[in-house]
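A.B. asks: In case you want the letters, here they are:
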Amino acid sequence: MNLEFGSEYDEFTNEVEEFCKEYSGAVITSNDKKFEMHDALSGNSSRKSGKSVGRSEWQKLLIEKGYFARSIPKEYGGYGGEPDIIKSRIIAGAFAKYKVPNAMGGQGIDMLVPTLLEWGTEEQKQQYIESTLHGETVWCQGYSEPNAGSDLASLQTKGELIDGKWVINGQKIWTSTAQFSQMMFCLVRTEPEASKHAGISFILIPMDTPGIEIRPLVDMTLKAGFNEVFFDDVTVPEENIVGKRGEGWSVANSVLGHERGSLANPNVTLNRLNTLINLMKEETIDGRRLIDVASYRDRLLQVQGKVLAAQAHSLRLLSAKINPGQNVKLGGMIQKLVGTELRHELEGLAIDIMGELGTLYEDDPNVRGGGSWQFTYMYFLGLIIGGGTNQIQKNIISERGLGMPREPKVQVEV
Amino acid sequence: MYFGLSEEQESIQDFVKKFLADNATVDEIRKIANGEGEELEKNIFDGILNLGINTLLIPEEHNGLGAGLLHAVAVAQALGAGVGPIPFVGSYVMAPIAINLGGSEEQKNNYLPKIASNELRFGIGMSEFVGAREDAGIEFSKNKLNGRALFVLDAENSDFIILANKSGNIFLINAKDKGVKINKLTTVDKTRSFHEILLENVNAEILALTEDNNEIAKKVIDAGRIILAADTVGASEAMVEKAVTYSKERKQFNRTIGSFQAVKHMCAEMAADLEPCYSLVWQAAYSFDTEEVSSSRLLACQSKSHTSEVGKMISKKATEVHGGMGFTDLLGLHYWFKRIGLNRQILGAPEIVREEAAELQGFNQ
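Top to bottom, those sequences are chains P and V.
Start counting the first sequence at 1; every next residue gets the next number (our numbering).
Start counting the second sequence at 1001; every next residue gets the next number (our numbering).
Treat each hint with caution, since some may be false.
Pairs of lysine-lysine, PhoX-like flavour, derived with a Cα cap of 20 angstroms [what the hints assert, rightly or not]:
| # | chain 1 | residue 1 | chain 2 | residue 2 |
| --- | --- | --- | --- | --- |
| 1 | P | Lys51 | P | Lys74 |
| 2 | V | Lys1184 | V | Lys1042 |
| 3 | P | Lys409 | V | Lys1248 |
| 4 | P | Lys65 | P | Lys87 |
| 5 | V | Lys1251 | P | Lys409 |
| 6 | V | Lys1017 | V | Lys1042 |
Listed next, with one range per pair, are the computed distances between beta-carbon atoms [as the list claims (entries may be wrong)]:
| # | chain 1 | residue 1 | chain 2 | residue 2 | range |
| --- | --- | --- | --- | --- | --- |
| 7 | V | Gln1252 | P | Glu82 | 52 to 62 angstroms |
| 8 | P | Leu117 | V | Glu1007 | 28 to 38 angstroms |
| 9 | V | Thr1245 | P | Lys60 | 48 to 58 angstroms |
| 10 | P | Asn327 | V | Asn1050 | 24 to 34 angstroms |
| 11 | V | Glu1007 | P | Glu82 | 23 to 33 angstroms |
| 12 | P | Gly325 | V | Thr1245 | 47 to 57 angstroms |
| 13 | P | Gly325 | V | Glu1060 | 27 to 37 angstroms |
| 14 | V | Lys1018 | P | Ser131 | 34 to 44 angstroms |
| 15 | V | Lys1018 | P | Ser24 | 28 to 38 angstroms |
Worth flagging that the hints you see were computed from the coordinates, not collected in a lab.
Backbone N, C-alpha and C define an ideal beta-carbon position, used for all residues, glycine too.
Model the full structure from these sequences, guided by the hints.
C.D. replies: Below, the structure written as structure tokens:
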């Protein structure tokens, strides 16, 4: 065991810390609705003590410094650094420590960019990556359908190649940020004769193409912003396919694992815990601080135990990335399940300790934390269900992690 | 950067695991638990002593291995996994740490080399300092100890006993002193010993550096808690493995029960909660070995309380996966259930330890 990163990283750590001190508590000035959700979930919106920076200049500054898009090649708009997991960790740690706003994420940056780097043609990389990193091209993900949720590969949205163009018909659901997006990356059934998984292609669709209809799907938070998207003879160029025909399942799965891990970033969870501790020191009941109420305090300490375990565990997973041969297969599989449940519990605890006050929401003048506790509590219930439900996660853990037998196939009635 | 056990630590862990698997099967554990296996118990103890577990935490200048607490954590996991019926946390972790940190040069020279050479073995009782139950309490005056100590660890057949009072002063007595009365407590866990000790004008020496502070007592307790947490993690791991194995063999409704999602999900929940516990306990031990008390004590407290909660859940669910068999003595699963149950209460139950952790962080003023 050795948790030192080594002296060769000292200079880099100092440089990042200097930057973070300068921008500690910085606020991003943008009332652009499309980033509202991102800000609420990463805690950016609750920071108010530091400098003001514009959204796109902030994004460009972070790329220039190498604190964002670090290992994405320069010719596609990235920083062009060698991939270095330890440096990424140092950056993430310092940003969390000094409450520096993170670069914007979203499905384009987190999922499409790595997909294009692995599977895209040179033209696709040139066309899309840089503008995505700068936040100029926002993407939505067209995967789930009303009848293809946990069983995603049974999706039925149809794509036919007619006169050198893809003609797409069908429906997607749970499409977050569709109404703000310029582009969608979409899974479409193009090979109806092939088996379930081999009949899918990965296609890029401009959202202003005629025949696309977006209907907002209001969720329980009333603001997270899912949509249904309908396709009626939506026609896009043949070259908008990523990978070959029928390779869509592999293309999509190469980054799905990444999404599962990123749903519950332990650094953000730790920051939320610290915010909760401050809340319990500030708020009172009958004039007593909430943290002085023994039953509340004990629940806080129980959650802290889980957060510390999750923090330690993320270090162990990091170690396995750096040290080939260290086996943490099971340890990696549990991240989505444990991380989302923990965050839901933490946010719910904040509501419980506030009691009646905890029920206030939206623009109520007495709402605490801008309504973020209720919002995130509900939003994480969505994440417990989304990204592969936590029941599906338990199937994965038991079957692939513990080697337990699969559920026997049920004879399908025709 | 490397987060995990070293090759050397994994290797001693594997040795202990393998030794217990070969020499302390459930039938043998049962004999010992029923008090019919004195010879057997001695052979198991001698076998594991041959791996040098008594020398781990003794500094090299006193003829020990000079290893850190993480080394002992590796061993404790293996002992928990095999419900090892031997003294460890008291005799070979807390006692040497207490003497090494609290003893004068003379005291260290007197005792540490003899623990390393296996000439002396210590029991240790600190429950009064953590939280006294009933009327337990010891009093020291004119080099004599009087009173009653409860839940003294590893006192059976020990040569010396270390005891802490309410103020965290630590004393050392000869177990054979005529004023010492040692009564075995009958607990649910028969794989380890817990004793009541009655003292009447017993000659005692105080560990020199504990005369005017309780910091050393606290540090000894940190170590004990981390080791008990590791023991729980090991015992929990064994219970999950047993549950998974059983679910692949047992058939009902013409299917192995492990193919039912109700069973699979219980196993997944156990594994998912257990995995981060390894990380937490390892980091706590690493922090104990390398960092200031101000940062390491929180991890020690949270290791103890968090693994106790996870262990409680696992000991219940793993038993349920075994159905009626899990409830029988035949399968012996209850030895693991009870071991985890004891670890939970010793040196501070979760609520007590969490309250200490809150105080540590200045929460309750």
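A.B. asks: Which hints from the list above does the structure break, by number from lowest to highest?
C.D. replies: 1, 12, 14, 15
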